[in-house]
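Under the numbering used here, read the sequence shown as residues 6 to 374, first letter to last.
Treat the hints with care, as some may be off.
Stated by the list, open to error - Across the chosen pairs, the derived CB separations fall in these ranges: (1) T190 to T127: 45 to 55 Å; (2) D224 to T253: 19 to 29 Å; (3) Q29 to E357: 52 to 62 Å.
Unchecked claim - Below are the SDA-like pairs computed for lysine to any residue, each with C-alpha atoms no more than 20 Å apart in a straight line: (4) K249 to Y58; (5) K41 to E211; (6) K191 to D345; (7) K104 to L329; (8) K191 to R250; (9) K191 to K41.
Keep in mind the hints are simulated off the structure, nothing from the lab.
Built from N, CA and C at the ideal position, the CB exists for glycine as well.
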Amino acid sequence: MNVPMLNLPAQHAPFQAELEAAVQAVLRGGQFILGKEVAAAEEEIAAYCGARYGIGVASGTDALVLSLRALGIGRGDEVITSTFTYVATAQAITSAGAKPVFVDIDPLTYNLDPAQVEAAITPRTAAFIPVHLFGQCADMEPLLALAQTHGLAVIEDAAQAIGARYRGRGAGTMGQTGCLSFYPTKNLGGAGDGGMILTNDPALAEKLRLLRLHGRTGDYYYELDGHNSRLDEIQAAILRVKLKRLATWTAQRQRHAALYDELLADLPEVHTPPVAPGNEHVYHLYSIRAEGRDVLREWLRERGIATAVYYPLPLHLQPIYESLGQPPGSLPVAEAVCRDIVSLPVAPELGEESIRTVAAAVREFYHRP
6 MNVPMLNLPA
16 QHAPFQAELE
26 AAVQAVLRGG
36 QFILGKEVAA
46 AEEEIAAYCG
56 ARYGIGVASG
66 TDALVLSLRA
76 LGIGRGDEVI
86 TSTFTYVATA
96 QAITSAGAKP
106 VFVDIDPLTY
116 NLDPAQVEAA
126 ITPRTAAFIP
136 VHLFGQCADM
146 EPLLALAQTH
156 GLAVIEDAAQ
166 AIGARYRGRG
176 AGTMGQTGCL
186 SFYPTKNLGG
196 AGDGGMILTN
206 DPALAEKLRL
216 LRLHGRTGDY
226 YYELDGHNSR
236 LDEIQAAILR
246 VKLKRLATWT
256 AQRQRHAALY
266 DELLADLPEV
276 HTPPVAPGNE
286 HVYHLYSIRA
296 EGRDVLREWL
306 RERGIATAVY
316 YPLPLHLQPI
326 YESLGQPPGS
336 LPVAEAVCRD
346 IVSLPVAPEL
356 GEESIRTVAA
366 AVREFYHRP
């Protein structure tokens, strides 16, 4: 039995006709940029997450860059973020002209450790970017308190966490902005790139709308030095169709994760992902720490089971960030996690049988029937 990480054709099959009709309606209408589908998607996705405003942009990376720009963060500023994240988080900081400052992570949730953040604050710190990694929110209460004490902005990287909640609040709704990605593999994915910025601040929302459209206020009048970064109508139409299924898919991911937790609980070689108190995890990824990770992956591959490593090397050790001067050993928790982290298939379309197959193969590898 082959078990992929996800199977988008299988996910789409039950409503393929609805997806195609939505795309055809856009094609027939002839409005392809910032039309009614984008406006509706912005309203519906913001409401789903619990934010007042949504601003559709071209990618999750652009959502981060435009958030930094809108908040006036750039050259001479430092932005504290996790070393254990996708590179886009840090590249957004450098794209805005600021300097990323990497800090270590909580060993259980793999999210930013607030104590490490506090220790990294300097007079040049302008913002934090907490990453809600794998579908679980960072510990936002102490981070927001730190930001308030020091007068700093908080930009949430919620690319992997749409629908996750922290003490009753939605991922992406707690900072000045929250950034979503609609890359096809995400829990809510499009048929290409796309992203959205969430905010509760009307003035910031308006500034972001200007920035995504070259800073244009009217017919060829420009108020800001902006970008060309817009969620297009076809992607918005697809996202609206899929959004109606997202709560059901999230519940299935959570059931799959609970089943893994049960089936792998007695393996001392495996550490399953705990959920921090007050959090609702949406399991974009189900990532375990496993002894003999690389050998385990080959064992599973030979049996038709896909796995993935997010992430094999923390950002502070990547060649592009060597000049920042954080050598091996400087952020030991993330470095240790990178050595044994592995993600197992958890996508909703895979079904319970697939989850049991994966768990049985993991148990067999460790000689546990």
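Item to complete: Take a look at whether the Cβ-Cβ distance between T190 and T127 falls inside 45 to 55 Å.
Response: violated (36 Å)
Fill in: 20 Å limit on alpha-carbon distance, applied to hinted pair K191 and K41
violated (24 Å)
Worksheet entry | Consistency of beta-carbon spacing, E357 to Q29, with hint 52 to 62 Å | violated (35 Å)
Discussion item. Run the distance test for K191 versus R250: straight-line Cα separation, threshold 20 Å.
Written reply: Answer holds: K191 to R250 is near 13 Å, not above 20 Å.
Worksheet item: Straight-line Cα separation of K191 and D345 no greater than 20 Å?
Response: violated (23 Å)
Worksheet item: Under the criterion that the straight-line Cα-Cα distance not exceed 20 Å, is the pair K104, L329 satisfied?
Response: holds (9 Å)
Worksheet item: CA of K249 to CA of Y58, is that 20 Å or under?
Response: Roughly 19 Å separates the two Cα atoms, so the pair holds.
Discussion item. So if I understand the rule, the pair passes when the alpha-carbon distance is 20 Å or less; does K41 with E211 pass?
Written reply: holds (18 Å)
Practice prompt. Hint says 19 to 29 Å; check whether the CB-CB distance for D224 and T253 agrees.
Written response: Violated: the Cβ-Cβ distance is about 44 Å, outside 19 to 29 Å.
Figure legend: structure checked against the earlier numbered hints; hints not met, in rising order: 1, 2, 3, 6, 9.
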